[in-house]
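One line per chain: the protein sequences are C and V, in this order.
In terms of the working numbering, the first sequence has 446 at position 446, counting the first letter as 1, and numbering is strictly consecutive.
Just so we're on the same page, the working numbering is the position in the second sequence counted from 1, plus 467.
Errors might be hidden in some of the hints.
Claimed, not checked - Just a few of them, taken from the derived set where beta-carbon distance is under 10 Å, the chain V residues facing chain C: (1) S499; (2) D512; (3) G520; (4) D524; (5) P540; (6) D542; (7) R543; (8) R550; (9) I582; (10) R642; (11) Y666; (12) P675; (13) F678.
Simulated from the structure, these hints should not be mistaken for laboratory data.
Computed from a prediction, not measured in an experiment: that's the story for all the values here.
Note that the Cβ used here is the ideal one computed from N, Cα and C, for glycine as well.
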Amino acid sequence: MAGKTLYDKLWDAHVVRTEDDGTALLYIDRQLVHEVTSPQAFEGLRLAGRQPWRRDAVLATADHNVPTTDRSKGIADPVSRIQVETLDRNCNEFRIQEFGMADRRQGIVHVVGPEEGFTLPGMTVVCGDSHTSTHGALGALAFGIGTSEVEHVLATQTLLQKKSRSMLVRVDGELGKGVTAKDVVLAIIGEIGTAGGTGYAIEFGGDVLRQLSVEGRMTVCNMAIEAGARAGMVAVDDKTIDYVRGRPFAPRGEHWEAAVEAWRDLHSDPDARFDRTVVLDGSRIEPTVSWGTSPEMVAPVGERVPDPDAESDPVKAEGMRKALAYMGLEPGTPITEIRPDRVFIGSCTNSRIEDLRAAAEVVRGHHVDPGLKQAMVVPGSGLVKQQAEQEGLDRVFTEAGFEWREPGCSMCLAMNADRLEPGERCASTSNRNFEGRQGQGGRTHLVSPAMAAASAIAGHFTDVRAL
Amino acid sequence: MEPFKRMSGIVAPLDRSNVDTDAIIPKQFLKSVKRTGFGPNAFDDWRYLDAGGPGMDNSQRRKNPDFVLNQAPFDRATILLARENFGCGSSREHAVWALTDFGFRVVIAPSFADIFFNNSFKNGLLPVVLPEDQVEALFQAVRAEPGLELTVDLAEQVVIRPDGERLGFDVDSFRKHCLLEGLDDIGLTLQHADEIRAYEKRRREEAPWLFEGRGA
Ligand code: SF4
């Protein structure tokens, strides 16, 4: 018999029962909850007179709607305010632990979970949010679910799931200087396409993944969903264990020792078989910029906006034309001639301390281009913000003309006051460049934190390696 | 949940691939704490010429005449036809709620994003996967005859064209059963509560750290 993949191991350990057609009842170890996808789930519980199955397995925090400016005035938008207050009320009523808006630990769910050690290797982790795949970086099976499923997990601690197929994305070799986890994942999506991972759980492996920090692996797993895969994951190694050690919710003492021993097995066996394997050469990945309205529409910074007329697939060519029209770009334009109006450094993809350090390094001693309307940094959590301030990064940013904000999703999806105006162009470290994602008519270019910082200084996209 | 057995209706052709859930229901409408009322804002950015927000009177807004769902008879469509990777992006179930609230009962596409696909079944919306060439043929048929009706029969797993041609599709037997009967997933799962407890007991012994959720 062939060995098991990491995905097989995680899956098998969580099956409670299986239906005849293979649908499994999967046990869920952790659920994260935010204000946008939970109100209808709590309402469902209330209507059915049900209680949460296991309160200690749930952690809530508000992130999508929260203001990133001075919070002492509360939330100005009454509709956003109701949603955040509804979360507070639901957590109170159902006695679920919540990091409220005033809590220093509040932040984007996918930053908070690992940071607290609430999500751990070997766990099944869900959240009513597609970027739950982030937690897979710890060697966990983590995926986004819909609101009906949020309610199902609250009520039963389980989910009905069909097992996905397995894909290995191996990135061999070594990354060049100035090339980051974000460039790696954009290159992967560019390679396999936004639907390439549909129906699969992806394991990211190879030398490059081993070299990446756990935070970098989170950036990669975060965007698994942008390649169509619900779950992305990375095998456990010493880095994972060092990352988890000592975090507030991490096991201690004897339990820690036992946990580490179990986690050491969280990798694919050498003879494990994947349904599909994709191999990339890490040394050929370059700083990458998205030019269209889908995360597969990317190009290395040194190249030009592609020409739809050169695309042989007519459906694809039409998609490119629509994207370029929306983005206000001409085929053949050098990427380095594109000028953003705003620069956003933040989101669950790139708002951890390493991201802020990487951006600050580029910014230090420079000033944002006067042509820019705004450049902002939004840390992923209150604790990231605090750490950055201890390191003096906030001053590096503010002295260069960046705004330094309170933690939250912010301009990643513009549900709060931070958004693009129609036609505005943004260099963004977030994960989605869909039409209207950052504000109606807004145009998003996905980049790494270092590339976003460099574009803020130069006033146009520029190769961070040349600085 | 409302059961789904068999239905017939007008097909609206939405000739795009990668239709994402941000497009199906833009984020400003996610601020609602309810499950209903999303229909008037389905595809809001494509459907209206002005910027929409929660609480607006949508009947007073300027509609985009070029958008298919604003054109008769597609404004009465109950079957949506689209290209590959429909429903990608955000996990928001609001996208499904917006489609059902608009009146759709079926979406036909060559492929769907996983989370959207799951969410659909929980809400009585049937996602039908047909091969690309059959989808292309349906697009051509609808273009030739706007207002064309299809019949979708879940028990038999077929889409039936007006000329009687039957296009078979796959569906997991467990999902099919739940949708045909309109079963409540949670109630169904709770019938296995003892098995869940037995699993927990075993895991607590094997991996006790999984059960100490409280922070230091
Ligand atoms: S930062 Fe963006 S992608 Fe991440 S959870 Fe928030 S809205 Fe979603």
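Cross-check of the supplied hints:
1. S499: Interface hint status for S499/V: holds (8 Å vs cutoff 10 Å).
2. D512: With a closest approach of 5 Å, the D512/V hint holds.
3. G520: OK, holds: G520/V within 10 Å of chain C, min 9 Å.
4. D524: At 16 Å from the nearest chain C Cβ, D524/V fails the 10 Å test, so the hint is violated.
5. P540: Violated, about 25 Å.
6. D542: 22 Å, violated
7. R543: 26 Å, violated
8. R550: 7 Å, holds
9. I582: 6 Å, holds
10. R642: 8 Å, holds
11. Y666: 5 Å, holds
12. P675: 6 Å, holds
13. F678: 7 Å, holds
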